[in-house]
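Here is how the chains run, residue by residue.
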Amino acid sequence: MLLYDQRYRSITIQIFALFLLMLGAAWLIDNVISNLRLLGRTFSFNFLSQTSGYDINQRPIEYDSTMTHGRAALVGFLNTIILAIMGCALATVLGVLAGVLRLSNNWIISRLVTFYVEIFRNIPTLIWILIFGAVMAESMPAPSAFRGDDATSSMIFDAIAITNRGVYVPAVLFVTDLGYLTLGPVAPSLNWLLVIAVIVASLFANKALITHATRVQNATGIRPKTWWKSILILLVPVGAVFIALGAYLEYPELRGFNFAGGVHLRNSFLAMWLGLGIYTGAFIAEIVRGGILAISKGQTEAAFALGLQPGKTMRLVILPQAMRVIIPPLISQYLNLTKNTSLGLAVGYMDLRSTLGGITINQPGRELEGMLLLMAIYLAISLTISGLMNVYNSRVKLKER
Amino acid sequence: MSDTHANTVAYVRNEMLPPSDAPRSQTGAVKWMLENLFSGWANTAMTLISLLVIWWALSSVGPWLLNSVWTAGSLAECRAILDGATGACFSVITNRWHQLLFGFYPPHLYWRPVLTLVLLFVALAPVLFPALPRKLLVLSALYPFVGYHLLWGGSVWFPISVALGFVAGFVAYKLLLKVNNLLAIFGAILGPVLWWMFVAGQIDSALSSALPLGLEFVRSDRFGGFLISLIIGISGISLSLPIGILLALGRQSDMVFLKPVCVLVIEFIRGVPLITLLFNDSLLLNYFLPPGPAFDLILRVIIMVTLFASAYMAEVIRGGLAALPKGQYEAADALGLDYWKAQRLIIMPQALKISIPGIVNTFIGLFKDTTLVVFIGLLDPIGLSNAIRADTNWNGIYWELFIFIGALFFIFCFGMSRYSMYLERKLKTDHR
Chain E
26 MLLYDQRYRS ITIQIFALFL LMLGAAWLID NVISNLRLLG RTFSFNFLSQ
76 TSGYDINQRP IEYDSTMTHG RAALVGFLNT IILAIMGCAL ATVLGVLAGV
126 LRLSNNWIIS RLVTFYVEIF RNIPTLIWIL IFGAVMAESM PAPSAFRGDD
176 ATSSMIFDAI AITNRGVYVP AVLFVTDLGY LTLGPVAPSL NWLLVIAVIV
226 ASLFANKALI THATRVQNAT GIRPKTWWKS ILILLVPVGA VFIALGAYLE
276 YPELRGFNFA GGVHLRNSFL AMWLGLGIYT GAFIAEIVRG GILAISKGQT
326 EAAFALGLQP GKTMRLVILP QAMRVIIPPL ISQYLNLTKN TSLGLAVGYM
376 DLRSTLGGIT INQPGRELEG MLLLMAIYLA ISLTISGLMN VYNSRVKLKE
426 R
Chain A
7 MSDTHANTVA YVRNEMLPPS DAPRSQTGAV KWMLENLFSG WANTAMTLIS
57 LLVIWWALSS VGPWLLNSVW TAGSLAECRA ILDGATGACF SVITNRWHQL
107 LFGFYPPHLY WRPVLTLVLL FVALAPVLFP ALPRKLLVLS ALYPFVGYHL
157 LWGGSVWFPI SVALGFVAGF VAYKLLLKVN NLLAIFGAIL GPVLWWMFVA
207 GQIDSALSSA LPLGLEFVRS DRFGGFLISL IIGISGISLS LPIGILLALG
257 RQSDMVFLKP VCVLVIEFIR GVPLITLLFN DSLLLNYFLP PGPAFDLILR
307 VIIMVTLFAS AYMAEVIRGG LAALPKGQYE AADALGLDYW KAQRLIIMPQ
357 ALKISIPGIV NTFIGLFKDT TLVVFIGLLD PIGLSNAIRA DTNWNGIYWE
407 LFIFIGALFF IFCFGMSRYS MYLERKLKTD HR
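As they're listed, the protein sequences go chains E and A.
Mapping of the first sequence onto the working numbering: residues 26 to 426, in sequence order.
Mapping of the second sequence onto the working numbering: residues 7 to 438, in sequence order.
Do not take every clue at face value.
Claimed, not checked - Cross-link-like lysine-lysine pairs, in silico, DSS-like; alpha carbons within 30 Å at most:
| id | chain 1 | residue 1 | chain 2 | residue 2 |
| --- | --- | --- | --- | --- |
| 1 | E | Lys422 | E | Lys232 |
| 2 | E | Lys322 | A | Lys434 |
| 3 | E | Lys422 | A | Lys265 |
| 4 | A | Lys359 | A | Lys332 |
| 5 | E | Lys422 | A | Lys434 |
| 6 | A | Lys332 | E | Lys322 |
| 7 | A | Lys141 | A | Lys184 |
| 8 | A | Lys332 | E | Lys422 |
| 9 | A | Lys359 | A | Lys347 |
| 10 | E | Lys322 | A | Lys359 |
Hints listed in this document are in silico derivations from the structure and should not be mistaken for laboratory results.
These numbers come from a predicted model, not from an experiment.
For reference, chain E alone in the conformation it holds in the complex:
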């Protein structure tokens, strides 16, 4: 019998288990079909092309309530991505800073950073988001406090206004408008695309410069000075583009009961950004600290024995090895932060979950399709990030034997 033969036993059990699993899946799908029939509904995604009828306060692309549910979902998706990128940036800066400072010899600052790390790691992120939401809405001055000669609040550098309706920062505008590039549903401004293209080109040029310097060093033993060339390559073209397009800053101004002009960062966005960024920063601090501590002291001693200076030891010996330890958990923190953006509902941030997974699925009553689509999008984001991580991992992996 198949069960008693060592060669087939595993396969037999697996087929049996697989059969049970498929039976279960079939049961679930059968339930869905009969439930849908009971409700008199079909399974279709055409609600995405119906008029949404609701407004979204933060719109990275053009949107109003006469547009479709699909468009609303796209706005939500972009909001999610914006929050995720900004949050990851804040978390990385804070985390690296805190991770290094926690290892510092300075007693008081290492205790202070420990306090930050422990208190943020051990209290749920949802509470932090709500706290930052309350700080923004309750503790900041109203726009009217900026008015008149006896104003109780003033703008920072006459440029940034922090009010209980959000933060107003200067916006970068251009005199020359190159128009828009129409790419299906989105139409990015050509000005900004040009700026981004120039920055990317400068980065590549800089990389070529460094590669060249390394080649010269390998051939002659003398490394040419590159820092001023790097600075020139990185800054001059971008500056030239900004000047050529006539870039200027638009400052927020108090008009009527509120500020106008500049960029308005809403409370919902700020609460999410600060809550997620500072919370995740505490985790990144621990990862950075662990990464640096994971490199054994022998490495430093070996580098010193080779006659490397402390700065070079850090740059050439410790950091490359520490990065290998730091990067994978770091990416997984980025992933967590991206998934945590779905808590936007708590403070009314209109992310993908609040648009597609919130109002849209409630309005036409398409929970099943909406939730499936929502999960598929989140899954796609996560798999993309973790795919990139796997590529990186295989590139930096220790090549043994």
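Fit chain A to the given chain E structure using the hints.
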């Protein structure tokens, strides 16, 4: 000549001088401060900035805390007592702490959740501290049933008949072990399932009608506050570890059909936010189950949270398994141990030891994630804080509630992380 001699003698010392003290800068507090706080200009700057931050925090929060009011009946009353001064209004906690802790659990039954919590520590003790006698583990095994009965109440025979299902599985295993190893495992799985499907209900109703024993029944919607976080958190924690181990073993195995299934489950669950899974609980479950009344929301949430944590746990344990040298597997094979014995005696003890920090981090993450149940309408502490703020007496109170809730979570999570450090130190066997 004699003069010079006399003079030279005058320069010779007859007794030792007492040793002078070390320079001020090399001793005591001054030395410590010079080394740890002011050793360079960068360090000095950081110290000054830190002191500034601490001073700013203390001067803005200190008076607020010192002036706190603990006895008022509403926020307006608080403000009247403070009379314009800055001060916290912790009266909201003295007024509503029972709600934040127990939700709408009947007040005369508060002793039951408290006793459950006390018993939890009794049941955990033999698991956490190996110095205690092993026989005490029986208490840990019985705890889920006792805990369930204490919290929900109802007939005492229901948890007993459910527990008997495990006994049935054990008996079936022991009996079939004489026939065949594999058959015994089937028996251990099928025994309880058959028992629960066909026997348990009848035993329950028969014994309940014959001998109606039990505690007052409390409906699930009366549960709330920190109690609900603890119930979901602790059930999730204790269930996710075994499921996670199985998933990790499945992913590490070479089973052609089951390995992809495990990978799919793990990657799917890790790829979506917990909140979408919880929404599935409240919105989609009706589609996936046969028509009829949905089963208990708390139970559904526990299942989802457990699945979610299991996927993360599986990855943590897989890391531990991967970190184990291949020689350990080969040694187990060389000793002639079968798969399960090798896992139980050689692989798992080491793999789990390696992954303790990750496991505890997953536990802490799970416990913190229980706050997300507020989005599907369960009244956890955050949901109750919203409800309290909706009361006209306490409209506009934020910080005091956040501090109280945050402190509750902090105590539990910090305790868990400290225990994991203790465990790591205790299990450390390398010689460094």
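Hints and how they fare:
no. : hint                : in the structure
1   : Lys422/E / Lys232/E : 22 Å, holds
2   : Lys322/E / Lys434/A : 20 Å, holds
3   : Lys422/E / Lys265/A : 25 Å, holds
4   : Lys359/A / Lys332/A : 16 Å, holds
5   : Lys422/E / Lys434/A : 27 Å, holds
6   : Lys332/A / Lys322/E : 27 Å, holds
7   : Lys141/A / Lys184/A : 26 Å, holds
8   : Lys332/A / Lys422/E : 18 Å, holds
9   : Lys359/A / Lys347/A : 18 Å, holds
10  : Lys322/E / Lys359/A : 24 Å, holds
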